[in-house]
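All chains should be modelled from the sequences, with the hints used to inform the complete structure.
Each residue of the sequence shown is one higher than the one before, counting from 1 in our numbering.
Read the hints as simulated data drawn from the structure, not as lab findings.
Treat the hints loosely; a few may be bogus.
[As the list claims (entries may be wrong)] Label-pair ranges, simulated between beta-carbon atoms:
| # | residue 1 | residue 2 | range |
| --- | --- | --- | --- |
| 1 | Gln-135 | His-49 | 44 to 50 Å |
| 2 | Glu-679 | Thr-416 | 48 to 54 Å |
| 3 | Pro-281 | Thr-650 | 15 to 21 Å |
All of these numbers come straight from a predicted model, not from anything done at the bench.
Every residue gets a Cβ at the ideal spot worked out from N, C-alpha and C, and that includes glycine.
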Amino acid sequence: YLIHKADFIACHQFNFIEKYDILKNIKQGGTFLLNSPYSNEEIWDKLPHTIQEEIIDHDLEFYVIDATQVAHEAKLGKRTNTVLQTCFFAISGILPQQEAIKKIKDAIVKSYSHKGDKIVQMNFNAVDKSLENLQKVDYPKKVTSTEEFKPSLTGDMDPFVREVLGKIMAGRGDELPVSAFPVDGTFPTGTTQYEKRGIADFIPVWDDENLCTQCNKCVAICPHAAIRAKVVTNNVLADAPDTLKAVPAKGRPFTSETESYVLQVSPEDCTGCDLCVAVCPAISKEVENFKAINMHKKLDVEVAENTNWDYFIDLPDYDRTALQITNVKGSQFLEPLFEFSGACSGCGETPYIKMLTQLYGDSIMIANATGCSSIYGGNLPTTPYKTNAYDRGPAWANSLFEDNAEFGLGMRLALTKKQEIAVDLLQGLEDKVGSDLVESILSNAETSELEKAKKHEDIDKLDSILKGLKDDPQAAKLAQLSEYLRKKAVWVIGGDGWAYDIGYGGVDHILASGENINIMVLDTEVYSNTGGQTSKATPLGASAKFSVSGKRTSKKSLALQAISYENVYVAQVAMGAKDQQTLKAIEEAAAYPGPSIIIAYSHCGEHGYDLKDGALQQSRAVKSGYWPLFRFDPAKPKGKKFKLDSKEPTLPLEEFMYNETRFTRVVKENAELGAMLLEQAKEEVDTKWERLDIYRKM
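Take a look at the structure:
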């Protein structure tokens, strides 16, 4: 049920106070706690006038604390829960303050002791600092602000998005009449761009453009496509804001004398995960802890950076037919057709989907299993999937958890049939549309961006001719199916809970089908969306729901099972460890004319560490031998089918495992059991590599 008369309301995200009327249901004389970057003396003039009115009219007790700063000083990173919980008990009056503080610290010991004394003490410090920094606001008894609430969606949008989706985003969707919705239930795509959630307290800024190597690794790893790179001709930047940075573009196919490289973040779409800074290889030799990009307090830079982004996003994209998209740098100049999703800050899954849409987004159909990827991919009301300038983009659908593979296979069979019908119709109309055009369309395998562009051009010509043959029923049929003369692909996407467990029968059916269909498994090694339950992908020794004291059985080897079919393309990848291998695997899977499966290691909050270290942990997983990188291509000659892309283990396994709470929890609670499971895990890694030696001979 909803609370309509609240004694206490807390706002933990400052930007919510600028968008939502969060005090409308507070009691007379109630208490309001705001997590604010502004002090008790500054805050009043930062509030919308409606909030000021409600504070005055309800005679509220008003408190502020910069919980983000307190957590930072206590070395808790972005975790403000302990700070704000302490403030709640300190001012709510539910318990005497000292008794409440004692209970909080007892709870900290109970909750975090398995993480070690250091973590417990850090939380204790946060509790003490919370009390020191909590400030009561002595506000005037008159409204001084003229500020209105910011709209829930911003930008140039059509009326449906503004009036219907905007109302839903404002939390007032229940006020909409049925007549406001489209009769077929269709919602527009590419609408996450209007959210501008602004949830980050710190954002990356391109500080040293001359130190930057222009590698685009930061762009590739960004889970939300919030940091982008473009290369433009110098004259295009003639009217650029003074704060926009640009440097001569390096490498092929660019001309450094006439073209400039620009790197820019969207402050309101960034979630502040730090991954881009973590992977940046451009480290200063003169200044400690300084890179080409660094995290800055958003409040200090957002005006300039928002101006920069608004200008940057309208800059033209580089001609994709001229780019070298077979390397990571080149691929990251391509427009992502998946952006600004609602995935967790630092998500390890979304960079894979984003890269897939950059490479093939205008010609893929996605069958998405229920799970994290269906929630951030198809959640109501906004959609991260979008179309390009030609109105082409991914076609996306979600059926159920358990039948996604079968759903995708059905899409593939239907696509194949439509393509066959389109080809037959085209050949039957050859004398009317011209043999040269028919030959150009049918002989074009679309193996390069130039060939894809030519196919688009030829089909546009065909469509123009077919319009003039409106009295021909066969021409009318082909006009409806001409888009299927393009090379299209079906990608079946889901997590390990689907691929290893509930949907495994369907996955196996696809692999055995021989059909030209692709599977991407976003492997977090746990049921992430439902709260961290054990799956058959959960590794030996890991703690997860249903195996809290450590999983006693091995992770299923889905990749090696798939290889056993001998006609399935198989790749095991980890973008944070080797992004170029990931790119290569996606390209090879897309090109392979049969079933393919890519198993993508995806770091996750359920692993129990700050996700800014996600790429580092992926690298440790590979270096320790836990997650070997490889590709198996049945189309290659014997002896070259299996390619091992990572070296033999060079890092002790515990240096990977013991940086994650899912493994250390077991050791903290039962050291003897933890040691035993570690030894078993080491033996498992040794066995895994012995098997890989056999596969290397294939």
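Any hints from earlier that this structure breaks? Give me their numbers in increasing order, please. Violated hint (a single one): 1; every other hint is consistent with the structure.
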